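Q: For reference, the chains in residue letters:
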Amino acid sequence: MTEFDVSIIIAGVIAGAAPIVLAAIGETITEKAGLINLSLDGSILLAAMASFVVALKADSLLAGFVAGALVGAAVAAAVAVFSIFLRQNQVAVGFVLTLMTRDLAYFLGNPYSRLQGPQTALAPIPGLDQIPFLGPVLFNHPLPVYFSVVLIGICCWYVYQTSPGLKLRAVGENPQAAYARGINPWKVQLLYAVCGGLLVGLSGATFSLCTKPGWGRPQGAEGTGWIALALVIFGGWHPLKAAVGAYLFAFLQLMGIYFQGWLPTVPAQVFQVAPFPLMIFTLLVMSMAQNESVRRWAAQRGRATALLRFLSGMAPAALGRPFRPD
Amino acid sequence: MVSNDSAGHLIILPQLREVLLTVVVVFVFTSLLLIVSGAPPLEAYYHLFLGSLSSWVKFTHVVKVWIPLTLCACGLLFTFRIGLWNIGVEGQVMIGSMFTTWALRAGVDSPDMGPVFIVLSLAASALGGALWAAVAGFLKTKGGVNEIFAGLGLNFVAQGIVLWLIFGPWKQPGVASMSGTETFPTALWLNAPALLRIPPVALALVVAALVATGLMLRYTRIGLDLKAVGRNPSAAFLYGLKPSRLMVLAMLFGGGFAGFAGNLQVTAVYHRLIPAISSNYGYLALLVVMLANFNIWLVAPVAFFFACLNVGSIQLPMMLQLDSSLGGVIQGALVLATLGMHGWRRIKLTQA
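Protein sequences appear in the order of chains A and B. The first sequence begins at 26 in my numbering and counts up by one. The second sequence begins at 250 in my numbering and counts up by one.
Hints were generated in silico from the structure; no laboratory data involved. Heads up, some of the hints might be wrong.
[Unchecked claim] Pair ranges (Cβ atoms, derived):
(1) Arg349(A) / Arg467(B): 25 to 33 Å
(2) Ser280(B) / Ala83(A): 41 to 49 Å
(3) Val357(B) / Thr330(A): 50 to 58 Å
(4) Ser138(A) / Leu299(B): 19 to 27 Å
(5) Ile156(A) / Gly417(B): 41 to 49 Å
(6) Thr330(A) / Lys391(B): 20 to 28 Å
[What the hints assert, rightly or not] When the alpha-carbon atoms are kept at most 30 Å apart in a straight line, the in silico DSS-like pairs for lysine-lysine are as follows:
(7) Lys391(B) / Lys307(B)
(8) Lys597(B) / Lys212(A)
(9) Lys266(A) / Lys391(B)
(10) Lys192(A) / Lys266(A)
(11) Lys212(A) / Lys192(A)
(12) Lys82(A) / Lys237(A)
Computed from a predicted model, the values in this text were never measured in an experiment. We treat Cβ as the ideally placed atom computed from N, Cα and C, and that holds for glycine.
Generate coordinates for the entire structure from the input sequences, incorporating the hints supplied.
A: This is the structure we're talking about:
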C-alpha cells in the first residue's frame, strides 16, 4: 500500500464517520444527564428528510442544516417531556418515536425521492491543505466534517472542565444530591436532551446533504442511530471514546469493501453487525469489572487488566431512572 | 389497571372518554399529514379500508399478518409481566425462522414425510427462539447487561446470521441473492384449504397461544410469581422467589412464542428464508402490547387493527402515490397519544 492510499483511507474514515460522530456525541451528552433518547434511528432519518427538503426548497444549505437540527431537537424534547413531565417510561416513548419518526420520514419525504438537491462542497482550508499527507487527510473536507472533529474536543472540554459540565454530570449521577444543591434536574435533563437532539438532527442533515446526498427509501442512514447508541456504551459514556468507536466503525465499513474481496461469500451487511456484539461484550466486561474476584483474577494478567481499564466506563448512575422529588 | 374504588363503574366512563380523545387526536394528526402531502384524507382512509377488509382474499392477508403479530405479543406479555423490556423479539423471530429452515432443509429429499418435518420445524423454531431469548436473559441475570441493549444487539446479530446463511451455506444453487434461499417443495408448506386460504394449523396455534397465555398468567403459580417479581423484585426475593430464574423463564416463553411466529413466516407465508423474514413484526408487537395496555383481551383486537393498517397501506402507493409507511405512522401516533393520555391522567390524579 502506498502512502497515497493510506491518506485516502484515513480521509475517507474521517469523512464517513462524521454523521456517526455527531449522533454518538449527541447521545452521550443526553445520557450523561441521565436520560436515554432511544429514538435516534428514526430521528436521524426524519432530520435527514427535513434538511434535504428544506435545503431543496429554500435553495439554502444553511436552512437545511438548521431544519435538521431543529427536528432532532424536537424529537428529543418529546422524549424528555414524556419522561419528565408525563412520567412515562422513556424507553417506551423513545422506542415508539424510533418507529414513528422513521415512517413519518418515508411518508413525508416520498414526493422528494431521488431528486437532485444541493450538497455541501469541499472546503479546503487555505494553506493547511497543501501540507503533504496531513493536508488531504485533515484539511480537505466539507464543513460538517470539520465540525464533527472539532465537536469532540469541545464536548470533552465542556463536560469535564466547565462548571455547567459538572452540573450535567451531577444530574446524571445523582439527581437527588444535585437537587439538594439547588440544581433543577428536570431543567438540566430537558436542556441536554435538546442539545443532544440538535446534534442528532445535524447528523441526519450531514447524511442527506453531505455524506450520502439526497433522499429516498432507503436513504442509507438506516441503522446509524442504533450504531450510535451502541457506540455510546462502547465508549463508556466518554465522548472521546465514543468518537474513537465511530472512527473504528467507519474504518470497518470502508474495509468491508476489501473484506468482500477476501471472503466473497460474506455479504457486506454482515460487517454492519460488528458494533453490536462489541457493545454486548463491552457491557459484559463493564459489569464483570465490578466483581471483586474478576478484578483479582485480572490483576495477575496484564492483558486482562488493560482490557478492563480500556472498557472501564461506567454508566451515569441515574441513567434511565427519572428524578422524582419525593 | 382498573382502580377498585367504591364507584368502580364510574371509572369506565372517563377511560372511554380518553380512548375517544386519543382516537380523535390521532385522526386529526394523520389527516393533517395527509393534507400536507396533498392527499384527500377521507379517500386515503377509504383505501386503507378497501385494501384490508373489502374482500375475503384481503382479509386472509390481514389474518396472515395478525397471526405472527399476536404470537409475538403473547410472548411479550410474559416478559412485561416480570418487568423485562424484551426488545429482542425481532431477533427471536429471525432465529425461529432460521431453525425452521434448518429443520425443513433436512426434509427436502423425502417429500412424503412432509408433515413430520413440519412438526419438527415447529419444535425447532420454539427451541431456537427460546434459546436466543435465553441468551439475553442470562446476559441480564448473570452478566448484568441491560436486557434492552442485549436484545437490541442480538437482533442485529440474528440479522447478520440470517444474511450470512442466505449468501453462504444456504445460498440458492447458482447465485446467492437477496431474494432468499431456494423455495421449499409444496410438501413442506403449511397447506391451507382453497376456500379458507389460511392454514388451520396456524389459526389453531395462535388461538392456543392466546388461551395458554391468558390461563398461565391468570391462574398458574408461574403467572403469579412473574407478577410478584415484576411488581416488587426485592419483596419477591424475600418471599423465597428466585427473580433471575423467573426472568429467564419469562424470556424462554417470550422467545418460544416469537419462534413460532418465525416458523409460520417460513412454512405459511414465504416458504423460504428471506433477509426480511421477520417483517418487523417483533418491533410492531411491542407497540401492540403497549397500546393494549398489557391486557390479553385487547391484544388480539389491537393486533388485528395493526394488521389491517399494515395490509391496507400497501394500496396507498398505487392509488394515491403515497408511501405505504402511513400505516406505521398511525400505529406509532396511537401508542404515543395513549402514553401521553396515561401521563395526563396521572398528573390530574396527583393534582386532585
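Q: Go through the numbered hints given earlier and state which of them the structure violates, listing their numbers in rising order.
A: 2 and 7
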